[in-house]
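Engineer: Sequence:
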Amino acid sequence: MDDQNRGDVIAAVTTWLDHGVATPEALRKEMDTIVPVTREDVRRNPALRGQVQDIAHRLKRLSITLESIARATKDAYIEFGAVCKNVGLASIPDEILAMIFNLVLAYVNGVEKSVSRTWRAAVKLSHVNQQFRAVLLDCPQFWTNMNSCREMVKSCFPRTKGLPLKVNLNFFHCVELGECLFDPVLAELLPLAKHWGRLGILVRRLEFRAWKLKCSTGKTLRHFDAPLLEELALHLHTNPGYLDPPSLNLDCSRWNCPSLRSIKAFNSFPLNLPSLSSVTDLYVALKVDEENIPEIFGEIKKMQNLQNLGLEIANILHHSDIVVYERFEFSQVKHLRVITELHMQNNDISPMLKRSIFSSLFFPGATEFVLELTGDDFPASYDEDEDWNQLRIRDYYFNGEINRIFRHVDQFPLVEVFSLKICLQLRDHCDSAGRSEVYVPLNMLPSLKHWHLILDSNARFEIKEPEVPDEAYTAEEELVARRVAGNAFPILDSITLCAQEPGILAELVGEYLLEVKRHGGWTGLFELHIKDVNTSGRDQVPVSYVGTEVLDWCEDMVNRDATERD
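Numbers 266 to 831, taken from my numbering, label the letters of the sequence shown in order.
One or more of the hints may lead you astray.
The calculated DSSO-like cross-link candidates involving lysine-lysine, where the alpha carbons are at most 27 angstroms apart (straight line), are [stated by the list, open to error]:
id, residue 1, residue 2
1, K325, K339
2, K426, K459
3, K599, K566
4, K567, K599
5, K529, K552
6, K714, K729
7, K686, K619
8, K552, K566
9, K599, K714
10, K599, K529
11, K431, K459
12, K529, K431
13, K714, K796
Cβ-Cβ distance ranges computed for the label pairs, FRET-style [claimed, not checked]:
id, residue 1, residue 2, range
14, G785, E727, 25 to 35 angstroms
15, T813, P559, 46 to 56 angstroms
16, D586, L368, 46 to 56 angstroms
17, V317, Y342, 32 to 42 angstroms
18, D660, H584, 17 to 27 angstroms
19, Y342, K294, 27 to 37 angstroms
20, N824, E727, 10 to 20 angstroms
21, H584, P559, 18 to 28 angstroms
Derived by calculation from the structure, the hints in this document are not laboratory data. These numbers were taken from a predicted model, which means no experiment stands behind them. The beta-carbon is built from N, C-alpha and C at its ideal position, and this holds for glycine as well.
Model the full assembly from the supplied sequences, consistent with the hints where possible.
Structural biologist: Right, here's the structure in full:
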């Protein structure tokens, strides 16, 4: 760079910093004297032509030099950017960074649905830099998930720092051998049983010979000592298409888990588990034809520490004999949740079996009852050669399903909070000829104070009692105790409605409140809470009404509905 170009660059930078002008002042003045010159002047004056060419040359060199400086500065900034990022990350407190990692791993687990993928994501994060590694290793909760992967056990266990492990075991029911087999990693996990905090067992059917699976579960899981174990989940994966579903015959009589508090059992139940007496939360999913129902309910009856009971009853697609059960009274249960599915075929035996099951169940101590009913419009056994119109259910009598559950006046005597949730999403092939009916058996809930009704459905419901209160059409069905309706009329403190069209329930609420007035129970303090669910499934901002406002809302909704129908 010659002295003239150097001087121009320094002058340009100075005048830019001082005045925001890029051209050096002396050069700009020289340019100003030439601008008014005409073409004829330039053509006649060779010295003027040389002056113009010299200015253009100086401007070009100045531009090239400044562009080179800018480009080099930008490259240096980009190169130094990695250091800047490290400074930014280093300024994040370790507690916040741990929260970020927790969100990332939770997202991976939610997307991948795999414990091993989550673990591998944690390993990758720990390899980013020393700070990431230190934070991850200092958070043992990121390493407590153990499943059928030897590499995971060896890598994660030293990092758990004594925190209880979350163990997930996959077993396989081998059809050829007629027994349940396990992955060899169980041999490495069993010595760590004293560190187990949660144990999940999933059993799947295996069609082919599994040469990698060594021993039967009965021989291996016959005895273990897990003093920290608080949660147990058993899931027997069944498929309606299999005539011989998988089985899990576990002898739990020598399992030592005194801290056990929660059990989730799907299609399997640990009947001889000594720690059942300490369990406070139990969720049981059974098929209506489960042959061990008497034994299972008998064990539940003896679980005196049980507070929360979830009971899911699933339908079947084959015929089964009706069984009459003895009375089972679960006086210790305070919070009850029942889940059933409306039968899908007109000749389904499931309703009769459910009627028999619930006729035997009594909950004299329950104060909260959540009832979830689902419906489906597609028969699982549908064959293209069969008549679709004969197979599919076009009428959804949830009121009949409710009567199969509410069987006796003394079944739920102390329930103060009752939540009824109905989930039914009709598909495009459904026409408008079908009926959807539901009702709330207030006469069977004498102590009720708060009632919640959630209609998660695109169907329009009629609020009415079933035309046939009880279903007993054959001599076999007559063996089940008849439904005994109550005559209670509870005075509610509040009603909560959650539906796409909550206005369809206005007549029901209005009639109830008028009946309250006739009984002399009106205080003006009654509350109505409305949660309008739009088609996207998101709750809108809830609206509440008190006293006479509730009556006004009911009247407005009834009038609006009548106007729309006209």
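Engineer: Would you mind marking each hint as holding or not holding in the structure?
Structural biologist: Each hint, compared with the structure:
1. Proposed proximity of K325 and K339 is supported: the alpha carbons are some 21 angstroms apart, at most 27 angstroms.
2. At roughly 13 angstroms between alpha-carbon atoms, K426 and K459 fall within 27 angstroms of each other, so this suggested pair holds.
3. With a C-alpha separation of about 13 angstroms, the suggested pair K599 and K566 falls inside the 27 angstroms cut-off, and the hint holds.
4. Of the supplied pair hints, the one linking K567 and K599 holds, its CA atoms being roughly 15 angstroms apart against a limit of 27 angstroms.
5. Restraint check for K529 and K552: satisfied, since their Cα atoms lie roughly 15 angstroms apart, inside the 27 angstroms limit.
6. Restraint check for K714 and K729: satisfied, since their Cα atoms lie roughly 21 angstroms apart, inside the 27 angstroms limit.
7. For the hint linking K686 to K619, the alpha-carbon distance of about 18 angstroms falls within 27 angstroms, and the restraint holds.
8. A hinted pair counts as satisfied when its Cα atoms are at most 27 angstroms apart, and K552 with K566 qualifies at roughly 19 angstroms.
9. Only pairs whose Cα atoms come within 27 angstroms are accepted, and K599 paired with K714 is accepted, the gap being roughly 15 angstroms.
10. Between the alpha carbons of K599 and K529 the distance comes to roughly 18 angstroms, so the proposed pair stays at or under 27 angstroms and holds.
11. The suggested pairing of K431 with K459 holds, with an alpha-carbon distance near 12 angstroms, which does not exceed 27 angstroms.
12. About 15 angstroms separates the Cα atoms of K529 and K431, which keeps this hinted pair within 27 angstroms; it holds.
13. About 19 angstroms separates the Cα atoms of K714 and K796, which keeps this hinted pair within 27 angstroms; it holds.
14. For G785 and E727, the Cβ-Cβ distance of about 30 angstroms falls inside the hinted range of 25 to 35 angstroms, so the restraint holds.
15. Hint check: T813 to P559, Cβ distance near 52 angstroms, so the stated range 46 to 56 angstroms holds.
16. A beta carbon spacing of about 52 angstroms between D586 and L368 agrees with the range 46 to 56 angstroms that was offered as a hint.
17. Restraint check, V317 to Y342: a C-beta distance of roughly 37 angstroms satisfies the suggested window 32 to 42 angstroms.
18. Separated by about 22 angstroms at the C-beta atoms, D660 and H584 satisfy the suggested range of 17 to 27 angstroms.
19. Between Y342 and K294 the Cβ separation comes to about 35 angstroms, which falls inside the hinted range of 27 to 37 angstroms.
20. Checked against the hint of 10 to 20 angstroms, the pair N824 and E727 passes, with Cβ atoms roughly 19 angstroms apart.
21. A hinted range of 18 to 28 angstroms for the beta carbons of H584 and P559 is consistent with their spacing of about 20 angstroms.
Hint check: no violations occur; every hint is consistent with the structure.
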